[in-house]
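Student: Protein chains in written order, with the working numbering: chain A, 14 to 577; chain B, 492 to 848.
Hints were generated in silico from the structure; no laboratory data involved.
Certain hints may be false.
[Stated by the list, open to error] In silico SDA-like pairs for lysine to any residue, Cα to Cα no more than 20 Å straight-line:
#1 Lys-322/A - Asp-712/B
#2 Lys-322/A - Arg-630/B
#3 Lys-118/A - Pro-629/B
#4 Lys-618/B - Met-109/A
#5 Lys-805/B - Asn-737/B
#6 Lys-606/B - Arg-155/A
#7 Lys-773/B - Asn-737/B
#8 Lys-572/B - Asn-333/A
#9 Lys-606/B - Glu-158/A
[As the list claims (entries may be wrong)] Cβ-Cβ distance ranges computed for the label pairs, FRET-style:
#10 Glu-460/A - Asp-712/B: 36 to 44 Å
#11 Gly-101/A - Val-746/B: 43 to 51 Å
#12 Asp-308/A - Asp-571/B: 18 to 26 Å
#13 Glu-74/A - His-522/B: 40 to 48 Å
#14 Glu-74/A - His-827/B: 44 to 52 Å
#15 Trp-512/B - Thr-456/A: 32 to 40 Å
Please read these numbers as outputs of a predicted model, since none were measured by experiment.
For each residue, glycine too, the CB sits at the ideal point set by N, CA and C.
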Amino acid sequence: MPAHDVLIIGAGLAGQRAALAAAEAGASVAIMSKVHPVRSHSVAAAGGINAAIAIDDDWTEHAYDTVKGSDYLGDQDAIEIMCSEAPGEAMHLEHMGVTFHRNEKGELDLRAFGGASKKRTAYVADITGQAILHVLYEQLMRYHESVDRYEEWFATSLIVDAGGHCAGAVARDVRTGAMEIFDAKSVILASGGNGQCYKPTTNALICTGDGIAQAYRVGAPIMDMEMVQYHPTTLAENGFLITEGARGEGAHLLNSEGRRFMEDYAPSKMELASRDVVSRAEQTEINEGRGVGADGQGIYLDITVVARKRVLEALREIVNIGRDFAGTDITREPIMIRPGQHYIMGGVKTDVDGQTPITGLYAAGEVACVSVHGGNRLGANSLLDTLIFGRRSGEHAAARGKELPMPHAPVSRLREDAERIEAIIAREHGGRRISEIKDELGTTMNEFVAVYREEDGLQKAHEIVHRLKEEAEAAYVDDRGTVFNQDVLGAIELGYMLDCAEASVVAAIERKESRGAQFRIDYPERNDEEWLKHIDITRGPDGEPEISYSPVTITKWQPEVRKY
Amino acid sequence: MAEFTLRLRRYDPESGDAPYWEEHTVDLEPHRSVLEAILQAKARFDGSIGIRCSCRAAICGSCGVRINGTPDLACHTHLDKAQRHSRDGVIEVEPMGNMPVIKDLIVDMEAVHWKKIRRVTPWLIAKQPVPEREYIVPRETMVDVTQSMACIQCGACVSDCLAMEVDPDFIGPAALAKAYRFVGDPRDDQPYERLKDLAEDPHGIYDCTHCFMCIDACPKDVAPMSQIMRLRRRAGSDYGIEDRNNGERHEQAFVTLVRKYGLLDEAELVPRSYGGDSPLSKFKPSVQKELASSLPSIAKALLRRKVTPAKVLKPHRLAKRDLQQIRRIYEEVEGHPERLELNLYITGYDEDEVVTP
Numbered sequence: 014m015p016a017h018d019v020l021i022i023g024a025g026l027a028g029q030r031a032a033l034a035a036a037e038a039g040a041s042v043a044i045m046s047k048v049h050p051v052r053s054h055s056v057a058a059a060g061g062i063n064a065a066i067a068i069d070d071d072w073t074e075h076a077y078d079t080v081k082g083s084d085y086l087g088d089q090d091a092i093e094i095m096c097s098e099a100p101g102e103a104m105h106l107e108h109m110g111v112t113f114h115r116n117e118k119g120e121l122d123l124r125a126f127g128g129a130s131k132k133r134t135a136y137v138a139d140i141t142g143q144a145i146l147h148v149l150y151e152q153l154m155r156y157h158e159s160v161d162r163y164e165e166w167f168a169t170s171l172i173v174d175a176g177g178h179c180a181g182a183v184a185r186d187v188r189t190g191a192m193e194i195f196d197a198k199s200v201i202l203a204s205g206g207n208g209q210c211y212k213p214t215t216n217a218l219i220c221t222g223d224g225i226a227q228a229y230r231v232g233a234p235i236m237d238m239e240m241v242q243y244h245p246t247t248l249a250e251n252g253f254l255i256t257e258g259a260r261g262e263g264a265h266l267l268n269s270e271g272r273r274f275m276e277d278y279a280p281s282k283m284e285l286a287s288r289d290v291v292s293r294a295e296q297t298e299i300n301e302g303r304g305v306g307a308d309g310q311g312i313y314l315d316i317t318v319v320a321r322k323r324v325l326e327a328l329r330e331i332v333n334i335g336r337d338f339a340g341t342d343i344t345r346e347p348i349m350i351r352p353g354q355h356y357i358m359g360g361v362k363t364d365v366d367g368q369t370p371i372t373g374l375y376a377a378g379e380v381a382c383v384s385v386h387g388g389n390r391l392g393a394n395s396l397l398d399t400l401i402f403g404r405r406s407g408e409h410a411a412a413r414g415k416e417l418p419m420p421h422a423p424v425s426r427l428r429e430d431a432e433r434i435e436a437i438i439a440r441e442h443g444g445r446r447i448s449e450i451k452d453e454l455g456t457t458m459n460e461f462v463a464v465y466r467e468e469d470g471l472q473k474a475h476e477i478v479h480r481l482k483e484e485a486e487a488a489y490v491d492d493r494g495t496v497f498n499q500d501v502l503g504a505i506e507l508g509y510m511l512d513c514a515e516a517s518v519v520a521a522i523e524r525k526e527s528r529g530a531q532f533r534i535d536y537p538e539r540n541d542e543e544w545l546k547h548i549d550i551t552r553g554p555d556g557e558p559e560i561s562y563s564p565v566t567i568t569k570w571q572p573e574v575r576k577y
Numbered sequence: 492m493a494e495f496t497l498r499l500r501r502y503d504p505e506s507g508d509a510p511y512w513e514e515h516t517v518d519l520e521p522h523r524s525v526l527e528a529i530l531q532a533k534a535r536f537d538g539s540i541g542i543r544c545s546c547r548a549a550i551c552g553s554c555g556v557r558i559n560g561t562p563d564l565a566c567h568t569h570l571d572k573a574q575r576h577s578r579d580g581v582i583e584v585e586p587m588g589n590m591p592v593i594k595d596l597i598v599d600m601e602a603v604h605w606k607k608i609r610r611v612t613p614w615l616i617a618k619q620p621v622p623e624r625e626y627i628v629p630r631e632t633m634v635d636v637t638q639s640m641a642c643i644q645c646g647a648c649v650s651d652c653l654a655m656e657v658d659p660d661f662i663g664p665a666a667l668a669k670a671y672r673f674v675g676d677p678r679d680d681q682p683y684e685r686l687k688d689l690a691e692d693p694h695g696i697y698d699c700t701h702c703f704m705c706i707d708a709c710p711k712d713v714a715p716m717s718q719i720m721r722l723r724r725r726a727g728s729d730y731g732i733e734d735r736n737n738g739e740r741h742e743q744a745f746v747t748l749v750r751k752y753g754l755l756d757e758a759e760l761v762p763r764s765y766g767g768d769s770p771l772s773k774f775k776p777s778v779q780k781e782l783a784s785s786l787p788s789i790a791k792a793l794l795r796r797k798v799t800p801a802k803v804l805k806p807h808r809l810a811k812r813d814l815q816q817i818r819r820i821y822e823e824v825e826g827h828p829e830r831l832e833l834n835l836y837i838t839g840y841d842e843d844e845v846v847t848p
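Isolated chain A, as found in the complex (with noise of 0.2 Å):
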């Protein structure tokens, strides 16, 4: 039975470099995760990086930038940590073996980026996340006595000891079916966020809500779940995502008029408001019947503005993506686009070490909230988020296991776990499918709780997730065999899927504001009087969520109207 000072459950950047940190500070380490880590879903972040590392920038400026952007729901005292180490953590990143682009001089070229005041993402290409994701994966080949890898491997629940110490976890091998009790003395969730309630999302079919669900049924708060992110650039047609590079280059935004509409919106920063403030520009532009296409559901992005040499160069692969997906040669004609699901600034409250309230339970990433996005992330920031939270949990983690025997779980914890599985397994064929119910949760919540929201629609898709939930118990599976039974992972997956949603739209009815990307129709100002606050939120004795809040820490920067 595998036993380790530290267990990470997924292999992003988060999990990755909480792997690397751990092993570094002289834990044994596990890092455990249901696909192969350059599958993971970091692999598909774009743009770049932030830090503040030009001569004429501060990370203070960036740390302001970032509190603006939350909307003043980020914890002020998490963004200071975040922003402050960013500089050091890329010049990590770039001594590791990232290719960051440079600039003529040979020094680490930046780029423009949303809700920024000055250039500071750097980046290669538009596929940042592969390169930094590719070269940590080589560290942990590099590393590989000090770190074990569980590629592969589907955690299905955390184990928590009487003491309501977090103490390993429950998992089984996808390619033979085998389970096994990991224990450790630290578990860090790193396994991303929850796109896939979301239809159309850019997230991929692995970002199901494991690692929310998770710690949620152990009871763990949640925090922010309301807070989602549509992405202003994905494409029309498949939800695709399109890099906020491609304006950070000097893309435009073009309505049906021909017009840069964002100067209406956002007159300074144009294209490059945050990402709540475009998302919304163009989905008022779209109910106003100034959209384009044959529906009017889509806005046009104009990058033929940017040479096309540079686009080659700097924005390749969304070439190719307007090629291979939309059939669009994006440096030759505008590629119609619109806002869609990217990123849930919610997830497992943390404090600014990755350290649940559940000790022994970490997280970090996507699946975390710390809080440094609040109410509306900045591009290029969750890269940044991964890295720093992750490296500091892998840090903590490895320190405080030091004084702490190992932990050893009873066998009955893993028969639970075989028997759970087991049980979906022999479900009778009736009810829906599992893919049916999927489906109508997508569209569900892309409907009612997406960049505009009100009471009714919320109530209404409050009632189909309740409904949803029933329907997913008898859900039933066509496989029955062991070997890679994906099937029965997406039984599972599905149950993970509804209790984030779940969250996430129980906490947009309870917000009676508007703030960030909760945007109330019925109460459209935000109202920092009442609302300056978090809302968290636990799994309660009858399963149902039970709803409190939490202040937000501000440190130096007071509430101010929130204009671009």
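Assemble chain B onto chain A, guided by the hints.
Tutor: Frame of chain A, contents of chain B only:
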């Protein structure tokens, strides 16, 4: 909407049965992907169909398969195109080659692909001392290695590598492209050691047979074979690494003979590869020893009439006009003040971006 029929290669390792074909018909628009079609079949008809997939947008590298016999990402292939290229209107999808099948369309990447990646010391050996800030390096070098950095480790090139089919120990296109990412990185401290290692390994850079399959297969324009050729040029021309497998000399002999005759002179190629690029090399005792040990293959070549005794004495030669054209190619390539890099990130993308001298 249109109907498309898929013929999927199924294999259930637990059944004890051999692999079999299974057909499913789905409704999708023609520009949708083969992956979407498979996922629809999985959602509507049979949840047990096994395929790795995640991002759906050709960036995670999970869904490498063979479609109508050709490797690609399932998410990166349009249904209409796949149907046009099919034998009988039914789109055939099967697991990638050169790797063992685990279930249905899922292959064991670990046993082949990742093992080979680990063979090339796949991490930066940073130059010392490490600077406080970034390494200052020429802008172009980082753009250059971006092409091999763009590899998503999907295994499509490995699937159809002909050299690997013959020599399963060949390090292969993906891992060698990965090696270029370090050799081409000015921050790496050991490009010479890396190149020497990969040149001297009999399954290394000179094991590639220039078949272009990997360039065709790669969905991300990494052009692994080009990266292998660049490794060879750096090893041979820049570092003067002469490998024990005669790879470097073999290449030199090729270049010289084609320049001289316009065509390859097989009888001359072998001794030059063994003993150096000179007509006298066949008289070296060491070469004669090697030639003697090659007698079985030479006999085979004779039997198959690849070489005839007459041609050994009098090599075939192109007509003068044709030979002049061949030599013009040499002049063109060698006339560049700088070496033409086989890298589309630097030399452009399509017709109006290609750098013309």
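Student: Hint by hint, which ones does the structure fall short of?
Tutor: 5
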